[in-house]
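In the order they appear, the protein sequences are chains L and A.
Sequence positions in the first sequence follow our numbering and run 1 to 600.
Sequence positions in the second sequence follow our numbering and run 1 to 86.
It is possible that some hints are incorrect.
Taking lysine to any residue pairs in the SDA-like style, the calculated list, with each CA pair at most 20 angstroms apart, reads [as the list claims (entries may be wrong)]:
| hint | chain 1 | residue 1 | chain 2 | residue 2 |
| --- | --- | --- | --- | --- |
| 1 | A | K70 | L | P411 |
| 2 | L | K488 | A | G76 |
| 3 | L | K330 | A | R80 |
| 4 | L | K485 | L | S329 |
| 5 | A | K40 | L | F372 |
| 6 | A | K40 | L | S329 |
| 7 | L | K485 | A | R11 |
| 8 | A | K70 | L | L499 |
| 9 | L | K337 | A | R5 |
| 10 | A | K70 | L | A189 |
| 11 | L | K330 | L | P411 |
| 12 | L | K408 | L | Y461 |
Treat the hints as calculated values from the structure; they're not laboratory data.
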Amino acid sequence: MIGNHWFHPALVLLLGAAALPLVPARLKKTWLLVIPALSFVLVLTMTLGRGEYWHVGFLKWTLIFGRVDSLSLVFAHIMSLMCIIGTLFGLHVKDDAEHIAAWTYVAGSLGAIFAGDLLTLFLFWEVMAFSSVFLIWFRREPESTAAGFRYLLVHVAGGLSLLAGIVLHVHDTGSTAFAAFAVHNPGTADYLILIGFLLNAAVPPLHAWLPDAYPAGTFNGSVFLSAFTTKTAVYALCRGFAGMELLIWLGVAMSLYGVVYAIIENDVRRLFAYHIVSQVGYMVAGVGIGTELAINGACAHAFAHILYKGLLFMGGGAILHMTGETRMSKLGGLYKKMPWTFFLTLIGGLSISAFPLFSGFVSKSMIVQAGFDSHLLWAAFLLNLAAIGTFYCNGLKVPYFVWFGQNKCEPATFERAKDPPWNMLAAMGIAAGLCVFIGCYTPYLYNLLPNRAAAMEFHPYTSYHISETLQILLFTALAFFVLVKLKKIEPHAGINLDLDWFYRIGGRAFLWLARKPIQAVDTGVGEIYRVGGLLPLMKSASLAGLFDNRVIDGAVDGLASTVRGLGGRLRFAQRGPLQENLTIVFAAAAILLLGFMFLS
Amino acid sequence: MNLLRLINFLRDRLRMVVRVGIAALVVLILLDAVPAIVDKEHAHTAAEHIPAFWAAFGLLGCLLLVIVSKTFGHLGVSTREDYYDR
């Protein structure tokens, strides 16, 4: 069943996570660094042995846990690398459960990437949803608990659509293989699967969970969240829906949608979250264009994006961790207190803005170039317009209003602000170094891309492309500073309503329905019952009272004392919070499922 | 802390930094107009052959995005922080 000298990197993380509570305290940090490094090294060695591994029989199907080809490898490479950086960033976190949730989440992502069939894909897809929600809940704020539940509900709905699509697809074709779907002539099954993928890629109108949930996560949990869910979805789209024209327009629309919301956003981490929507738009558009260069571009941009977006979220996490505040209307002037956080976050901002010599420049340009090559002029020009908004927000607005500008910090916030501990700065430094390395030395990234010949022919550093990019970006900067001078863009306290409004207010409407009309009906029925049923009830009650006093009490008293004793003992096993109960249930279900699969 | 000293050094000479920045913008546009330096063979459309086309695109695009976004916000999308708490 298992063989061919291949080992699943997700299993390394899962076993490492399971053993973590047993590791002695003095070895904990070593363990936290060694396990992700081990899974990364495993991925690196796989370039030598492509193929399919770990076929497992399940009912009448064969699950394929290890499909190793160039597409899965480029994504696995960056995912397992990001796991090292993210774990280093949260190395000082004492709570084992947080690390376990993060590693399980990464394992879900790696499992989905190496999955060769749709059932395995679905299994790991759900592992991702159910483990990542804990990275939000562990913030332990009331708003995080609520945001986590909304996140979970939305992902369960997306997962159901995916599952329904898979069931129909298997029924129609008789095959569980995860390969390209009928993109030019899609049926119901294809659309249902597509909806599942698009929801995880946060494509509007299925995107509102992302800017709702990611800013609610823990300071290091959001670093993981920013990397894995959306980019695993991009991988799935590359695999299944390359060349589907609909995706071009969805991608272009979302790249601008995210920018518009980011421009009016006040919370640093929510602004970064909207730029995930925007940047994933480039990738989705690349998948839609579907040429060799465009698919390379989608993969390269996902690769670069995970590093610079992780870096930006680490910057946002450092601000949260060290000041307790992420609203720009309550920050400013922090360069004196957190200069290194500023410098490293700025590198993330320049990378996402595709400045020459930074990673975004060598990846984003592939997608725009592929758009021009395919004569999709409007798409390409609109993507360049989104690039303006990207630099405006990440390269100018956040650095200026957090670290410079007017100091609007509360005295206590400013007092406690300082650069974060060494491990957080080190993680940011590694990510920043990689952003610059990728931007300067293109073969590292280009050699990993699925269509190597097309990648080798692409040269981002032409004089025209450099001139074009510098003009766009530097004149955006000019416009920004003019607007600052005119005091037109000062951050204001406030939030912006997005499409989550519908289910948040919808949920409230449901509660109102339960409280008012249904309660009224209930009261009415109670009233009728009281009037119509009271007299006969009184009669029967006096009879029952007799019976009760004499016979039942004795039995009940005995029973009650037994139940109380049992309850007292159970209380130690089960303390009440819904999240903990869910964890136990998920863990038990996962163990049962795995046991069933390997024993059957 | 050297990084902090560098930032303070630049802030103390803000006027000079701004002048250098503006000079850089001018140089960038002038270079773009010299075919020997910026080869427009890679341009995708005729409009891009206009000197400083992308500079204008960046400047006007940024203003357009900010105006559109702010207007969108004022349509009722931007609201108070405790909107969902009540």
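Going down the list of hints, with the structure as the test:
{"no.": "1", "hint": "A:K70 / L:P411", "result": "30 angstroms, violated"}
{"no.": "2", "hint": "L:K488 / A:G76", "result": "19 angstroms, holds"}
{"no.": "3", "hint": "L:K330 / A:R80", "result": "15 angstroms, holds"}
{"no.": "4", "hint": "L:K485 / L:S329", "result": "17 angstroms, holds"}
{"no.": "5", "hint": "A:K40 / L:F372", "result": "15 angstroms, holds"}
{"no.": "6", "hint": "A:K40 / L:S329", "result": "44 angstroms, violated"}
{"no.": "7", "hint": "L:K485 / A:R11", "result": "16 angstroms, holds"}
{"no.": "8", "hint": "A:K70 / L:L499", "result": "18 angstroms, holds"}
{"no.": "9", "hint": "L:K337 / A:R5", "result": "12 angstroms, holds"}
{"no.": "10", "hint": "A:K70 / L:A189", "result": "40 angstroms, violated"}
{"no.": "11", "hint": "L:K330 / L:P411", "result": "10 angstroms, holds"}
{"no.": "12", "hint": "L:K408 / L:Y461", "result": "41 angstroms, violated"}
Comparing the model with each earlier hint shows violations of hints 1, 6, 10 and 12; every other hint is respected.
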